[in-house]
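Novice: Add chain D to chain X, keeping to what the hints say.
Protein chains: 2
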Amino acid sequence: MKFAFTITHKHGTARAGEMVTTHGVVKTPVYMPVGTIGTVKALSSEDVIQTGAQIILGNTYHLHLRPGEALVKKLGGLHQFMNWPKPILTDSGGFQVFSLGQEAGKLSKIDEDGVTFKSHLDGSIHRLTPESSIQIQRALGADIIMAFDECTPIKDEVYVVQAMERTHRWLKRSQEEWQRGIHDQALFGIIQGGDYKHLRQESAAFVNSQDLPGIAIGGVSVGYFMEKTVEHINWVKAIIDPTKPFYTMGVGRDPQDIVDVVMAGVDMFDCVAPTRLARNGAIYHGYLEGSSFDHTSPDRVRFVSEFNRKGRLQIGNAQFRDDNRPIMEECDCATCRAGYSRAYLNHLFKSDELLYYRLSSIHNVRFMVRLCEQLREKIISH
Amino acid sequence: MKFAFTITHKHGTARAGEMVTTHGVVKTPVYMPVGTIGTVKALSSEDVIQTGAQIILGNTYHLHLRPGEALVKKLGGLHQFMNWPKPILTDSGGFQVFSLGQEAGKLSKIDEDGVTFKSHLDGSIHRLTPESSIQIQRALGADIIMAFDECTPIKDEVYVVQAMERTHRWLKRSQEEWQRGIHDQALFGIIQGGDYKHLRQESAAFVNSQDLPGIAIGGVSVGYFMEKTVEHINWVKAIIDPTKPFYTMGVGRDPQDIVDVVMAGVDMFDCVAPTRLARNGAIYHGYLEGSSFDHTSPDRVRFVSEFNRKGRLQIGNAQFRDDNRPIMEECDCATCRAGYSRAYLNHLFKSDELLYYRLSSIHNVRFMVRLCEQLREKIISH
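Protein sequences, first through last, are from chains X and D. Here our numbering is used: the first residue of the first sequence is 1, the next is one more, and so on. Here our numbering is used: the first residue of the second sequence is 1, the next is one more, and so on.
It does not matter which identical chain is used: a pair holds within one copy or between any two.
Capping the alpha-carbon separation at 30 angstroms, the derived lysine-lysine pairs in BS3-like fashion look like this: (1) Lys-109 <-> Lys-197; (2) Lys-350 <-> Lys-73; (3) Lys-237 <-> Lys-172; (4) Lys-350 <-> Lys-41.
In short, the hints are calculated from the structure, not lab data.
Just chain X, same shape as in the assembly (with noise of 0.2 angstroms):
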């Protein structure tokens, strides 16, 4: 297994590293892009790596239904299949087969060996355990692999403390899986335990202890919910290994969300927002401010936007009708290098054209990972 995680800078909590792995170096903190089905949504590959992005998410459930990780494996993996040269992290498909479960018509039934759930696509019967998620996992070939977890509710500690001990008892299990052949990828585990203090501090001790590559943090509450995402980081934080990599799974919707859980001592998060936001006209928009990674002080780091808090325009409003600025003037991206204007996408927004999906994207991806990079900066020019 080809993998090492090194912690360059620190500034309070907040760290800088560089993470080697089989496709390369990745810079931490990063943001990686999901590309949900082999694809980051609307871009290519050229496209995504313009946008300076360093690790992309391969989702495990949707490739699993299609194309099917066998055929991928005979095509050479999912690197060569989707022609990304860089690394690749994929979920377990813990949180979508949940996710179905909360559904109408409850689509996935849980019990102690795993999860039967029905295909999204045509109503198909499928079940993963474990030991599946990994083998999966293993004929994808991504860089980084997660353990198979219970995407847990916030609430109701009863229930949250027998799925958490499923989750635990589901880490030995796909770390099992994971040690037999050659286990050259680098497995995650994930901690749970809903909005309770007392079980995230278990689940963090047990997850630490069976010591892994990486140390993720997931859940229902996290990502949707940023004040307990920060403040479940902050119940954790001092149990697990510092020198393990730490990842906050589905955090990247706003702007703010990025620099409270790098703040907060995260390296690695996840989110479909950034693209899925911009096919639906939102675009973001705003700068970082400060340069405290301390919370507390009035010159802590943070982002700032003409347009809301969360530092959104809508494109589609009629302000940008016969607005001729690119997105931001001071943008970086393919996009607003390029010179598409506001009232160009505007219109391609309201025609419902394919190259507006594409030109959003591009912007709202290469912005969050601009982000990054201005947040890993501040942090070593501390």
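Specialist: Frame of chain X, contents of chain D only:
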């Protein structure tokens, strides 16, 4: 008006030339991709330039309805609006309003002065006349503009005569409007006359007598029915000024169609099919053979393909599911050069992923552009 056309080489009736416009030189024969509503669907301006396309077509009907010529003019004209630095040709809107007239509910109505039509977007009532078509095209700012004509049906001689004569009167009115104020765009007239030799020849003589910068041939038969298209070209080509650029409207669906019209002496053609076919899973594959532009020669230039007469593979077919090769080994389009495989395109197409539309459109446009480059080379090197 900056416009000049020089035929530099001939081979049989096939010609190679150079057309000078305000936005640069166009080497002919030339395929013009269609950028309906200010975008060649799924492609950015950079993508289109990378295909080698030298000039694109914009649709007056679509741009008039959305975003409207007043806005485009305010924002600096169509070139600046869509970030396209090279030449543009706009059609007159005639084709679209008459197509609407043939649809259920009769969305358009012709009178001597012009055409009243309902918007396909919102049912609102609009009107185009020769004068307003030229005014819209002036506001859009294309390098080449088209006279307002009626896209005449193939049969019904009585009607075809009426429509042709009205088109001739509209040509004079288009020309008068064009000559008012600054006329820095090149106006082309359009030959109509349906499937009637004497009418096509009468129309050709009339259009030729107006001494415009260029001459086009249109009508329902042109482009859709290639045998008729070539026949119609042959009927008129001795009548029209051989020093003028000759443009066949709507030609370029099948690769052989381009060979046919170039062999018949055409310099310019446009077609939405290459991008539309791509989006529907039909991808060009094949080569030119032969070197003679005499269509009776056994060594005549012709298009051949291992797939079918039309030279298309259906990327959604199961045979491509595990095919790791690029669409065409020898293809120099950005999609094939980057290494995207048939299997990956099959997966993206079946998953309805946005990236599919762009990758396939890049290939199909480059394919048609390259075909023209190769035909030009054959004409020149003979």
